[in-house]
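Asker: My request is simple: use the sequences and hints to build the entire structure.
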Amino acid sequence: MNGKLNDILKQLLERCAVSMDASVCGAAACEVPSGFFSDAGKILKAAGFRLAAEWASDETLFGRGFGVYAAYIEGRDHIVIKSLLPPDDPAFPTLTRHFPAAYRMERQIASLMGLKPDGHPDPRPWIRHEDWPEGVFPLRKSFDGTKPLGRVEGTYRWVSAEGEGVFEIPVGPVHAGIIEPGHFRFQAVGEDIINLEEKLGYVHKGIEKRFEALGWEEAARLAARVSGDSTVAHAIAFCMAVEAASGCVPPPRAGHLRAIMLERERITNHLGDIGAICNDIAFTFLHCQFATLRERVLRTNRKVFGHRLMMDGIALGGVAADLSDDAFVAIIDDLHVLSIEFERLVRIYEDNPSVEDRIYGAGVLEPDAAKALGVVGFTARASGQRLDARIENPFPPYDKFPPTVPALSSGDVHARAWVRVEEVRESSRLIRELIREMPEGSVRAGWSGPLSGLSGFSVVEGWRGEIIYWVQCAPGGGINRCMVRDPSTMNWVALEQAVKGNIVPDFPLCNKSFNQSYSGHDL
Amino acid sequence: MLKILHQIFRTGIVTEPLDPAEEAKVTLAGAGLEKAVRKRFRRSAAIRLVDAGSCNGCELEISATCNPVYDAERFGISFTASPRFADILLVTGPVSRNMEVPLRRTYDAMPSPKLVVAVGDCGYNGGVFGSSYASLGGVGSVLSVDAYIHGCPPTPSDILNGLLRVIEG
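Sequences listed follow chains A and B, in order.
For the first sequence, numbering that gives the first Met the number 0 begins at 0 and goes up steadily by one.
For the second sequence, numbering that gives the first Met the number 0 begins at 0 and goes up steadily by one.
For the record, the hints were derived by calculation from the structure and aren't laboratory data.
Owing to the predicted nature of the structure, the values given are computational and were not obtained by experimental measurement.
C-beta atoms are modelled at their ideal positions from N, C-alpha and C, and glycine is treated no differently.
Zero decoy hints are in this set.
A few chain B residues facing chain A, derived, Cβ under 10 Å: (1) C54; (2) P67; (3) Y69; (4) R104; (5) S134; (6) C151.
Answerer: Here's what the structure looks like:
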């Protein structure tokens with residue numbers, strides 16, 4: 000533990016009893032009395048930390064009540080603060096007053112685990128829809144997750160606006176295109192959006208509960224399907240958390256192969272997104288060009304990794320299969336063609352006044368707002384926040400091969416597109432370097448399940464941003480709780496802020512520039 | 000403008016013939032439609048997609064069927080925003096509890112005759128998500144399904160081959 004964390008511990012100790020929690024592997028962790036859960040957050044905020052995740056765990060199998068956890072990150076410092084709550088009438092002081100990012104995470108804790116965030120400004124449920132029966136909390140151990148839930152009558156209390164000329168536009172959950180479901184409700188005057196409210200949870204399929212019923216290998220398969228476009232990143236994050244708790248270190252060659260897959264996933268998604276942004280401003284030509292380029296990368300994936308999206312390529316202890324020298328040659332050749340084509344397309348994109356007209360100044364997320372909301376990933380980097388888990392939590396091989404992280408400050412659609420352009424270039428460079436410096440040796444370490452009660456914490460930079468997992472091992476093996484924090488959990492709320500004052504017809508463009516995961520958010 | 004034209008000529012036509020060697024992994028399940036109706040769907044099938052709880056993997060590959068390489072439109076297959084114009088309801092994912100009602104409503108909004116096609120292993124039996132408080136399992140638990148296209152996710156060729164088999168009987 001370094002000086003800064005020591006300093007914070009000292010400040011905490013002046014206020015309350017603090018004990019270090021050695022059961023958490025992968026981050027420093029300490030336990031504070033539940034009454035000081037929020038005060039600890041305040042101290043960490045003053046020290047420049049941001050709230051990265053907040054979750055709860057039912058720990059009755061360990062003979063205690065509930066645990067409520069918050070993870071804070073500042074640069075390379077990661078700290079988890081935990082409080083224990085009694086099994087009957089569990090409540091904790093809200094973090095929302097210090098961190099807006101806690102707003103939905105605490106609603107989710109209340110909805111799915113039944114812990115009360117005292118002082119939270121919004122008692123409405125989240126993920127849990129209005130037709131769920133009262134008093135059921137799926138993440139509690141007492142809840143049988145295999146039985147269907149009934150349906151009851153209920154209504155959702157929307158934020159509303161009144162006044163002359165104000166009208167509402169409900170959109171979804173089924174959207175016009177080939178995309179995931181969610182509901183957006185706009186209040187507009189003429190074409191100008193005065194407020195957007197999201198209602199999500201439509202693709203909630205009980206992933207976190209499901210983890211608890213699966214063996215470790217099956218759980219890794221499930222992690223690879225939390226969000227299909229980030230299958231590699233989620234699988235790595237899950238495996239890293241479990242490996243941290245079981246003291247397993249994947250061989251260096253596996254680290255390189257994981258990183259190559261992670262960077263290829265970044266390239267594929269960014270290519271698709273830049274094209275889709277062009278599509279939303281009716282520049283179909285570039286949409287087709289980028290889609291063709293993306294298809295090329297997917298085909299090489301299939302040839303090299305056996306799957307277009309590289310699903311199940313990551314395994315506990317390393318990767319599922321080694322690559323031959325021919326495979327590396329195929330990847331390098333592919334990158335060569337990709338880079339030349341990509342630069343041609345980027346020049347067309349840059350030189351087009353119609354593109355400029357639509358993307359500059361649209362959907363602005365101000366740097367201050369991005370910071371206050373705790374936004375992560377390329378969305379943060381487009382709004383002046385140079386955050387990247389490959390730098391802040393440099394897991395191998397990024398400790399030896401750090402990426403150059405681009406950051407822009409305009410926070411508009413252009414910035415979010417341009418950060419992606421820079422990242423495609425940087426990922427291509429990284430892949431070349433990783434292949435050039437490829438270590439020899441095995442690709443999978445021997446692996447055994449973690450000890451009961453230990454938990455692993457991991458942070459991985461997927462293409463969308465920082466993914467966090469916390470996996471707690473149950474008494475007798477297996478998973479007691481697997482917390483998944485997709486970057487979209489932090490970033491959805493930023494979209495509501497970014498579209499204010501834009502016109503309704505620009506919403507699809509703004510939304511596409513964020514391209515968030517519904518499945519990763521709803522779990 | 001010159002750069003665009005240059006790029007268009009350089010690219011040429013990238014659309015490939017659909018690879019029939021890739022046997023479509025399809026299970027035909029429902030009664031389907033009469034041959035005469037299918038004949039009308041052929042070369043003009045409008046599809047409404049509903050993600051009923053998928054991980055988004057199937058959506059990526061369904062979108063890819065519309066890219067220039069696969070070009071679904073050359074087979075007369077198009078995706079429509081409104082269920083009112085749709086002939087085929089394409090469903091992905093295990094059906095989440097929270098999407099059951101919107102899925103049923105979309106189906107009801109479609110004119111008859113219509114086909115229901117489930118895409119992906121989750122649409123078949125719930126896949127890795129199974130059946131739980133939040134997941135109703137496969138699409139067959141909610142709607143009568145005419146065909147399943149298997150895969151996790153199925154490739155764009157799998158999806159196109161599957162759709163063509165469903166339409167052509």
